[in-house]
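Peer 1: Chain residues, written in single-letter form:
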Amino acid sequence: MTAVTTTPKKQAQRGRPGQSSPKLAYLPIIFLAFAIGVPLLIIVVYSFLEKPSQGTGVKWVFTLENYKALFIQEKLDGTTALDTRYIKVLWTSFYYSLLTTVVTLVLSIPVAMWIATRDARKRNLLVALVTLPFWISILIRTYGMRQIVADEGPIGKFLGIFNIEWSILYSPPATILGLIYVFLPFMILPIYASAERFDFRLAEAAYDLGAKRMTVVRRIILPSIRPGVISGIALVFIPALGSFLQSDMLGGGKTNMVANVIANNFGQARNWPFGSALAVLLIVLTLLFVLIMQGAAQRRGDKVELV
Amino acid sequence: MASNKKRRASYVAALAAASALLLSACGGETTADSGAGEATAAAGEFPTTGSGVVNLYNWTDYIDPEELKRFTAETGIEVILDTYDSNETLLAKLQSGATGYDVIVPSDYMVQQMIELNLLQNVGVASFPNGKNIKPDLVDVYWDPGRNYTAPWNYGTTGIACNFAAEPECANIKSWKDYFTAGLPKMDSLKDQVEVVSAALRATGVGKDDLCTTDKAKYLAAEELLAGFKPAVIESDGGIERVTAGTSNVRHAWNGSTHRMTVENPDVQYIYPSEGVNLWADNLAIPVGAPNLDNAKIFINWMMDPEAAGRQSNFSGYDNGITGSDAFMDEALKTDPAVVVPADKQALISPLPNCGEEARELYTQVFTTWTTSQ
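Line by line, the protein sequences are chains A and B.
Mapping of the first sequence onto my numbering: position 199 corresponds to residue 199, and the numbering continues sequentially without gaps.
Mapping of the second sequence onto my numbering: position 206 corresponds to residue 206, and the numbering continues sequentially without gaps.
Hints listed in this document are in silico derivations from the structure and should not be mistaken for laboratory results.
Each hint can be trusted.
Distance condition first, Cα-Cα at most 25 Å in a straight line; then the derived BS3-like pairs of lysine-lysine:
{"no.": "1", "chain 1": "A", "residue 1": "Lys-68", "chain 2": "B", "residue 2": "Lys-216"}
{"no.": "2", "chain 1": "B", "residue 1": "Lys-230", "chain 2": "A", "residue 2": "Lys-75"}
{"no.": "3", "chain 1": "A", "residue 1": "Lys-75", "chain 2": "B", "residue 2": "Lys-216"}
{"no.": "4", "chain 1": "B", "residue 1": "Lys-230", "chain 2": "B", "residue 2": "Lys-174"}
{"no.": "5", "chain 1": "B", "residue 1": "Lys-186", "chain 2": "A", "residue 2": "Lys-157"}
{"no.": "6", "chain 1": "A", "residue 1": "Lys-75", "chain 2": "B", "residue 2": "Lys-177"}
{"no.": "7", "chain 1": "B", "residue 1": "Lys-216", "chain 2": "B", "residue 2": "Lys-230"}
These numbers come from a predicted model, not from an experiment.
Start from the sequences and build out the full structure, keeping to the hints where you can.
Peer 2: Below, the structure is given as structure tokens:
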């Protein structure tokens, strides 16, 4: 007995089991500060500068014009008016991302639950299958998607047998389909991670106590996988908002998302400061979304604790 | 990005015997020597072989890999290839201070800007041994009069590719105005603000010398014309595939791409719109700070050989700026009116406009309004 009590004491002096020196975190923190912080700072600074008369880059003169130009347009006929172009593009991005999030969520919950209820060996295999797309470059997958949804692709040919016309490539549905395809694993995995820890005997107990199927889903299962759902929403919605490739390659260059407009300003339009201002606006809106999500999650969390 | 490479051609230049002075001023000289030992041996004698490497920074898929091997076999210089997808990418990279490139391939308007920004070396290209091969009308170009900085490479025009069998209306498309107002299904546009907006300006009556106007009324007319133009696809890539697959029948297209479509499907023909077409021209140039200056000069001189230039055209599908190269060009290429401009169309050709800041902003404004209102 004495031996048992002394061992934890010794460990306490060296730090608790599983605990290590905080110094190990310094390197990753420094790396992240440089990899995320510095570019972010550059973008913010650039957004307040003028563009040079030729070439790319910035002129070191302070201005607020870039932010003004996001909302106010000096039209070609000489009048000044509210510029709805960028607001519309932001709205399109927001709408596509929302749709992507909702669809991936609806698809992912059953899939994640199904995987979580398999035996351990199958589960590992299924999770590996979900991550399989990550083995291939997103560019190549999007090219593949283009072949699949093309008018003359496999879907079009199959529907052609029944004389159903299929023509979605280079239109918004193709962009959204591409987004759903790319982001689906990012929704499945966190939900699965939550579902895997769920003790399914609880669901059985609920059944035994007379709960209906939907009640079990609503009252027992969904609250248990909520953390996974929230992570999934954040992992899908936020990157989708900044997506570029899908609208470029599947939307035929017409369904502009905000990232496409930002890219054009850093490319052909050669207006880095304005592109930076647009990027800052996107960052602020994303941050706002994260805060709202967090607020909602915390309120939920409080309630659960009160019960 | 396959088609991007073919998007612009560049004209190179650089020749001058007087370059010796400049070279010593550039500071890249010492390293250049180490790259090509015997090269500098005899003053006034142009080296044809060397050692070490030459770092080529080129458009994607714009040069035949076999050609690079051939260069190495003939000169003993290894080529290290890196690629970019637009003039702006190239400019941004050089302006950010990237060194390590010996030969770059900027287009016409970009050459002018790079010279103004002191990014290119004056090596007197016209005085290179093969400088005499530069086509006479490509010597005194606006971006490099006398060809001191750059050597001409591929060049082409931007017009309309039309599938005359699949779309009978092709016969009625004679101008940019016809194209923008045709309202046909299966129409494509390039995603290139200079090409699209300049074509719309031409369609609304702006002359070729006035394409960099700062008169807002003219841009307003172009904007109004574009408001009614809703193509199925706005994209610069993949045009060849779409037209040959029948997904698109009418397309704003580069002549070299159109040539490749015609090879696949003879019903696709190139239209020179009656208001005029833009000529773009790619060039070989040496950036300031090139680590292997002598090798870069050897590379450029080698590329100005008629046979090498002919092979390059066969690969890219575009004509080139070297006299005598047509003897080495494929028959299908030489006889395609899309590639070799017919005599009665010569008057329609004018260089891609290189506009000042104010006009460029107006281009951006018209293009943004159009692409965000689709």
